[in-house]
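Chemist: Listed below are the residues making up each chain.
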Amino acid sequence: MNSAHDVPGRKILLRTEVNGKACERWILPETLLLDFLREELGLKGAKRSCDMEVCGACTVLVDGMAVSSCTMLAAEVDGRSVETIEGLSDGRSLHPLQQAFVEKQAFQCGFCTSGLIMASLAMLRESPDPDEAAVRAYLKGNICRCTGYRRVIEAVQRAGREMRGG
Amino acid sequence: MRPFRLHRPESLDEAIHILEKEGEDARPLSGGTELLLLMKQGFASYGNLVGLTRIPGMDRLEVRKADGALVIGAGVTHRQLERSLLVRERFPLLAEVEGKVANVRVRNSGTLAGNLAFAEPHSDPATLHIAWGAVLCIRGPEGARKVPAREFWRGAFETVLQPAEVIESVELPPLPPNRLGAYSKFGMHERPSLGVAVFFTCGEGERIEDPRVAVGCVEPHARRLGEVETALQGKCAADVEASLSDIGAIAAGCVDPITDLHGSREYKLHLVAEFTARTLKRALDRNGEGRP
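Protein chains in written order, with the numbering used here: chain A, 1 to 166; chain B, 1 to 292.
These are calculated hints, taken from the structure and not from any lab test.
Cβ coordinates follow ideal geometry from the N, Cα and C atoms, glycine included.
Heads up, some of the hints might be wrong.
Just so you have them, the derived chain A footprint on chain B, three or more residues with Cβ under 8 Å [as the list claims (entries may be wrong)]: (1) 95-108; (2) 230-244.
Straight-line distance between alpha carbons at most 30 Å, and here's what the computed DSBU-like set of lysine-lysine pairs gives [said to hold, decoys possible]: (3) B:40 to A:140; (4) A:11 to B:100; (5) A:44 to A:140; (6) B:281 to A:104; (7) A:11 to B:21; (8) A:44 to B:281; (9) A:140 to B:100; (10) B:281 to B:100; (11) B:65 to B:40; (12) B:281 to A:140.
Over the 10 Å line for every Cβ pair with chain A, so calculated as not near, a few chain B residues [as the list claims (entries may be wrong)]: (13) 3; (14) 145; (15) 176; (16) 204; (17) 269.
Looking at chain B on its own, in the form it has when it is part of the complex (with noise of 0.2 Å):
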């Protein structure tokens, strides 16, 4: 690795500053899983590292009283997620999907802030935050503020992110009872193939109301597809479910994949239709579950 300085500033506002200060010579540093890869091989290469796991207030993980919204710190790694009781108990699916990220290494030296900032194309939490309707809170030279998820990517490595801006937290709304998300993943190496993340409100008369489709990993970043949302809004379950296999079909023909490691594009583009599919079975099987 190219020789560098380490900054460990105290607060969030000396960070930033120190970011400024360098420029593009500066980056932050949470957990390192991703930056320290791409710097060891050379792929990038900063002669400031601002570490920002250890500012106090980074491991913040509680809800939020006035709205009941989950606020994650930027500090807090994906162990953190997976095991807290606070996330199992009032949002299963967040602990179930960071409870499968990468390995269990990973997991715990990795943080979530710092995979959305990454921007890597092959992220679980990436997907999933955009189609739960996630928010960004940033913070910069100019001050604070919130960018929904699904507006946070720009391409592979991308962001909306500004010169010494940085994700303070991470806010997730919580999920009312009838609205049902189910997150599915494949691949056979470290990082995901495919993620696919659905949300939906199962509404008056089972119709499904406000649905949110995303998928990841096949694109240069995660995305919400709207012609799938538009095909399910007001439809009953029983007739999405009978129909899986057409609004997986529908799915298929919104992303536009490439061959890479991980497939080629009539593979991933299969993959992608198989696994709407199954993923919006999976939230429908879970409709009742957390009735009374």
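Next up, chain A with everything else stripped away, as it sits in the complex (with noise of 0.2 Å):
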């Protein structure tokens, strides 16, 4: 049981690990992992648009695996790591699919590009030199309303080339 989790108020104790750095902090159960990186840290990079598991523009990483932070309750990280947007770069230079981003052009309002980026960044970790097709299959579940995909996908490829070392 969770117990030992529990305060009065039906608040739990999430015990996590954010962009590499430990993080602990009482939710309410119901707490959406969106609005728990949103609103309780301040992380804004994630977006809620259609709010059901489609479009991808909430993707973050959970153990290295994109998931829609929308539809999962912050509840589901404890003890595992999540990653986000705001953690790729150091501020100073950008992560190569970042770099791709922008050299390849691939957004152009940018509002579903965090999520782009992490779905990709989780794909080139499996699998570094996939081919378009199997580009086009992972990022099936993410969806870009101006810019389409063609920009997106070399972006990717080439950031993988990058990240291969070539």
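Combine the two chains into a complex, taking the hints into account.
Modeler: Below, the structure is given as structure tokens:
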């Protein structure tokens, strides 16, 4: 049981790691991961858009796996690690994926971009040299309504080459 | 979302105990990819959620020595089934179907057992499991029982699960080399508008034995089409291949779809006929693939 984690008022203790830093907070059980990141931690890179796991704008990585933070309880990341777009760059140089998205002009409004980059990061770790069909299949659930996908696919493949050291 | 208490039991018995105690105000929570959606929209509301996925043993994924069946614990996600080497080598059709469920994020969170228990009419795994002959291992206050997948669903979002009962694992029998299977889906939305699963044994003289054909998404729950199976039983593979459109027509005659977001009734009848024929063809084309 979660009695050890309980306080009056139903709050539970969440112990997680966000972008490499340990994080401990008392949260209400119904807190969604997206709200926890945006409201509690001030990490606004993940976006709420469709709110039904279809569009991918809220994509973050949990233990390295892409998930929809809009439809996952924050409590699910207890004892696990979370990565968001904010953790990618050290503030001075861009991550190869970010750099490739800039160079290929793979976004216009940018609303979907953090999700696309996080999903692409998970994919490139699993499969460092994906062909176009593999990129398309993996990013099928990340929707962009202004740029289209050609430049995104090129950016991901370029970042893959960069990350492989080629 | 309405406030709720989140329980994180350490054993399945404890989970069942909580579900029993809280009654209709409690629901088991697996990946949450479907339940949380409904709760966010206000279509479902529970005062207690009981987390199942972190219970020790729920991540079980193994081939049982005695009969070669794949045993899939209730905590196993779609994506684990898609990527597992064991599944890809020994149950490749399952890996193929699981790899095309929704999108990668849903597959990373959502579990197979959760998908089956939720009983959403538009489920790829449900249709596949009915035709494959899967067995669902259920645990509840009265103990354990096994239910064949084909008897599990009662309607849209309705199953034979009794209060405080949960799926503990899913068992898939191994397919002998001459047992052929294929699954097709079609749709323009995130969820499939149609799923068709076909299995049969290619026996003596290339005759079709023990055919099972299931159609999902066009009715409240997936089910086998007995008339199609009767039409296939004992036929020569070559004869079936020559009469695919006739068999598709029989399939369309068996189902009773409604007009909705996924298309008109007529459109769905057309899809059922077309995809039953195509899926049969795909299974026939696999003849010989698994043989030395």
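Chemist: Could you run down the list of hints and mark each one as holding or not?
Modeler: To see whether the hints hold, each was checked on the structure:
Here the segment 95-108 of chain B counts 6 residues with a CB under 8 Å from a CB of chain A, which clears the bar of 3, and the coverage holds. For a cut-off of 8 Å, the count of residues in the segment 230-244 of chain B with a CB near a CB of chain A stands at 0, and the three-residue condition is violated. A C-alpha spacing of about 24 Å is found between residue 40 (chain B) and residue 140 (chain A), which places the hinted pair at or below 30 Å, so the restraint holds. Only pairs whose Cα atoms come within 30 Å are accepted, and residue 11 (chain A) paired with residue 100 (chain B) is rejected, the gap being roughly 37 Å.
A threshold of 30 Å between alpha carbons decides the hint, and for residue 44 (chain A) with residue 140 (chain A) the separation of about 23 Å falls inside it, so the pair holds. Restraint check for residue 281 (chain B) and residue 104 (chain A): not satisfied, since their Cα atoms lie roughly 43 Å apart, outside the 30 Å limit. In summary, the hint linking residue 11 (chain A) to residue 21 (chain B) is supported, as the alpha carbons are separated by about 21 Å, within the 30 Å threshold. Restraint check: the Cα-Cα separation between residue 44 (chain A) and residue 281 (chain B) comes to about 50 Å, which exceeds 30 Å; the hinted pair is violated.
Taking the CA atoms of residue 140 (chain A) and residue 100 (chain B), the gap is about 10 Å. The hint holds against a cut of 30 Å. Of the pairs offered as hints, the one joining residue 281 (chain B) and residue 100 (chain B) holds, with about 20 Å between alpha carbons and a cut-off of 30 Å not exceeded. Taking the CA atoms of residue 65 (chain B) and residue 40 (chain B), the gap is about 43 Å. The hint is violated against a cut of 30 Å. Of the supplied pair hints, the one linking residue 281 (chain B) and residue 140 (chain A) holds, its CA atoms being roughly 27 Å apart against a limit of 30 Å.
Separation of residue 3 (chain B) from chain A is inadequate, the least Cβ-Cβ distance of about 6 Å not exceeding the 10 Å criterion. The claim that residue 145 (chain B) lies off the interface holds: its Cβ sits roughly 26 Å from the closest Cβ of chain A, which is beyond the 10 Å cut-off. With a cut of 10 Å on Cβ distances, residue 176 (chain B) stays outside the contact zone with chain A, its closest approach being about 31 Å. Interface exclusion of residue 204 (chain B) from chain A stands, the closest Cβ pair being 40 Å apart, more than 10 Å.
Non-interface call for residue 269 (chain B) relative to chain A: holds, since the shortest CB-CB distance, roughly 27 Å, exceeds 10 Å.
The structure shown violates the earlier hints numbered 2, 4, 6, 8, 11, 13.
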